[in-house]
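Full structure from sequences and hints, please.
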Amino acid sequence: MTEPPNEDPGRVAPESSSDEAMPLDAIVGGFEDLRKDAPIAEDPAVFRIPVVVKGDSAADTMGLADDVRLLVDSFVRDPASVEREKSSSAPDEDPGDDIEIALHGLNFGPEDERVLHRLIRGLLAERRAPGAREK
Amino acid sequence: MTVCVVATSLSSEWFYPVVDPYRTAGAGPYFYGYLFAWDGVLVTVTRNFSLPRCKMRVELVSTLPEIKEIQAFNFSNDMENDHIDSDPSGALASMTITKWMAGQACSAGTDTVVLARAGQFGPKQMYTFGTVDFWDFWGGCTVRFTWVEDTDYNHRAWSSSGAQTPPPTYPAVRLPDGTLMRNAAGTGLSVVFGGTDFPADPGYLGAMAQETTAATARATLAADARDRLGRVGVRDRRVLGGVAFTPLPPIPADFTLVREWNRPEVYVVFGGARFRIPDPPTLFSLGFDWSMVRVIPAGGASKLLTIPIDRTLIKEQHDARVFLVDNQQLRLVKSQAVMEARCLPFRHVRIVPDTSLSTLPNGPDLDLP
Chain S
2 MTEPPNEDPG RVAPESSSDE AMPLDAIVGG FEDLRKDAPI AEDPAVFRIP VVVKGDSAAD
62 TMGLADDVRL LVDSFVRDPA SVEREKSSSA PDEDPGDDIE IALHGLNFGP EDERVLHRLI
122 RGLLAERRAP GAREK
Chain C
4 MTVCVVATSL SSEWFYPVVD PYRTAGAGPY FYGYLFAWDG VLVTVTRNFS LPRCKMRVEL
64 VSTLPEIKEI QAFNFSNDME NDHIDSDPSG ALASMTITKW MAGQACSAGT DTVVLARAGQ
124 FGPKQMYTFG TVDFWDFWGG CTVRFTWVED TDYNHRAWSS SGAQTPPPTY PAVRLPDGTL
184 MRNAAGTGLS VVFGGTDFPA DPGYLGAMAQ ETTAATARAT LAADARDRLG RVGVRDRRVL
244 GGVAFTPLPP IPADFTLVRE WNRPEVYVVF GGARFRIPDP PTLFSLGFDW SMVRVIPAGG
304 ASKLLTIPID RTLIKEQHDA RVFLVDNQQL RLVKSQAVME ARCLPFRHVR IVPDTSLSTL
364 PNGPDLDLP
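Taken in order, these protein sequences are the chains called S and C.
The number in this note's numbering is simply the position in the first sequence, starting from 1, with 1 added.
The number in this note's numbering is simply the position in the second sequence, starting from 1, with 3 added.
In short, the hints are calculated from the structure, not lab data.
None of the values given here were measured: they were computed from a predicted structure.
Please note that a few of the clues may not be correct.
To be verified - Chain C regions said to be covered by chain S (calculated; three or more residues, Cβ under 8 Å):
| no. | region |
| --- | --- |
| 1 | 14 to 28 |
| 2 | 203 to 209 |
| 3 | 290 to 302 |
| 4 | 323 to 333 |
What the hints assert, rightly or not - Over 12 Å on every C-beta distance to chain S, these chain C residues come out as not near it, computed from the model:
| no. | residue |
| --- | --- |
| 5 | ALA121 |
| 6 | THR168 |
| 7 | GLY189 |
| 8 | ARG262 |
| 9 | GLN320 |
By construction, the Cβ of each residue, glycine as well, lies at the ideal position given by its N, Cα and C atoms.
Shown next as structure tokens:
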């Protein structure tokens with residue numbers, strides 16, 4: 002799809018010069034960051050499952066993505082032990098019906114996926130429990 | 004309250020840091036060079052005042068023969084909801100994307116963009132950005148991706164993966180603090196602080212004990228080094244110690260602290276405007292210390308604005324009220340709900356000493372959109 006330039010070009014901050022003439026404000030990436038020994042996809046230090054969390058309020062979701070990522074990472078490594086640990090330490094809680102969970106790219110079977118859904122919902126319920134913030 | 008939790012199929016190695024224009028010197032446009040694993044892309048970010056912060060205009064330009072595409076991606080759906088393709092003639096392709104908003108289904112809106120190369124069997128070599136930074140930093144802007152270089156992805160990557168790439172260092176500036184630079188006319192020297200240049204008077208140079216002769220010689224002789232995107236870059240200049248004239252933004256980056264060499268007043272800069280720090284306890288209580296105060300030439304503070312540039316979020320230290328600078332007026336953001344509904348990130352709220360805002364003009368309060 003090709004569109005005309007901005008509908009209201011008069012209100013857009015004027016470009017002081019063409020792209021080609023301007024020096025860079027920042028450079029992201031480069032050779033010095035490239036690790037020589039490990040192929041990118043096999044470097045355990047940098048390969049993590051990306052988890053995205055969206056919520057009505059930033060305060061409600063603060064740190065949640067990290068918590069879920071840790072849970073998913075642990076579950077991918079050893080599903081049985083994670084399930085055992087969580088089952089023994091937390092009662093079955095329901096965080097509510099307003100949780101949507103989508104697990105893409107993990108290649109789980111239906112049973113593993115169901116368990117992971119339940120664990121994530123449990124994590125959310127823990128965070129929503131009264132007094133959870135103080136902990 | 005809706006919460007969407009997604010483990011995305013996009014690999015962690017594809018996620019690159021987003022550079023924050025609110026920590027970059029000047030009012031824009033901002034020029035960021037991205038050296039992706041197999042590709043070089045120039046990202047130009049321009050504040051677009053016809054757009055709210057919950058929307059973004061995305062543009063793609065490339066003259067490379069291989070088609071490139073940008074997908075407007077939703078993580079919950081694990082797929083694009085719109086995309087644009089490059090035109091090898093160099094014609095601009097664009098789309099306007101909208102952020103997911105509270106109360107919407109998780110499948111609504113665009114979470115990020117994915118840059119990809121068109122392969123025979125579908126998109127190849129993807130690059131993307133984390134949702135939060137992507138929208139916090141580039142929301143309300145026109146973001147142009149100029150794809151300037153591609154390499155053979157059957158060979159080893161020429162640059163780091165996203166997971167290997169460290170976050171940017173701030174402030175994002177074209178020349179580091181303390182650089183002596185020839186002015187545009189070649190008739191004198193300027194000194195750079197916070198990414199902008201201050202004309203250096205002889206008194207300042209003497210007081211700072213700068214060796215102007217050597218600096219001038221380097222300015223004349225230094226080669227105009229270019230990076231892999233074919234552009235002059237800060238890193239190259241650091242390596243060469245170059246002090247040739249470089250066009251710099253007219254205002255320093257946020258959090259720059261300055262004092263004129265012959266004056267006692269210390270100012271902190273936000274949105275290009277100066278706010279006087281009345282005493283040392285205030286300096287420390289704002290999280291600063293003396294080592295952060297840059298000594299600039301006499302009269303240098305006059306270059307700083309009195310009202311921050313539009314879109315600056317600001318509050319006084321002991322007052323909970325947050326203001327948005329809009330049309331060069333302070334507009335009270337009425338609640339946290341207004342902040343979130345208007346996609347105004349709390350991390351961009353700048354804190355100034357008490358009473359600093361009392362003389363600035365006020366506009367109408369900012370309510371829910």
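These are the hints, each one checked on the structure:
1. 14 to 28: It holds: at least three residues are needed, and the region 14 to 28 of chain C offers 9 whose Cβ sits within less than 8 Å of chain S.
2. 203 to 209: violated (count 0)
3. 290 to 302: Since three or more residues must qualify, the claim that chain S covers the region 290 to 302 of chain C is violated, with 0 doing so at under 8 Å.
4. 323 to 333: violated (count 0)
5. ALA121: 15 Å, holds
6. THR168: 5 Å, violated
7. GLY189: Non-interface label stands for GLY189(C): nearest chain S Cβ at 18 Å, farther than 12 Å.
8. ARG262: 25 Å, holds
9. GLN320: 22 Å, holds
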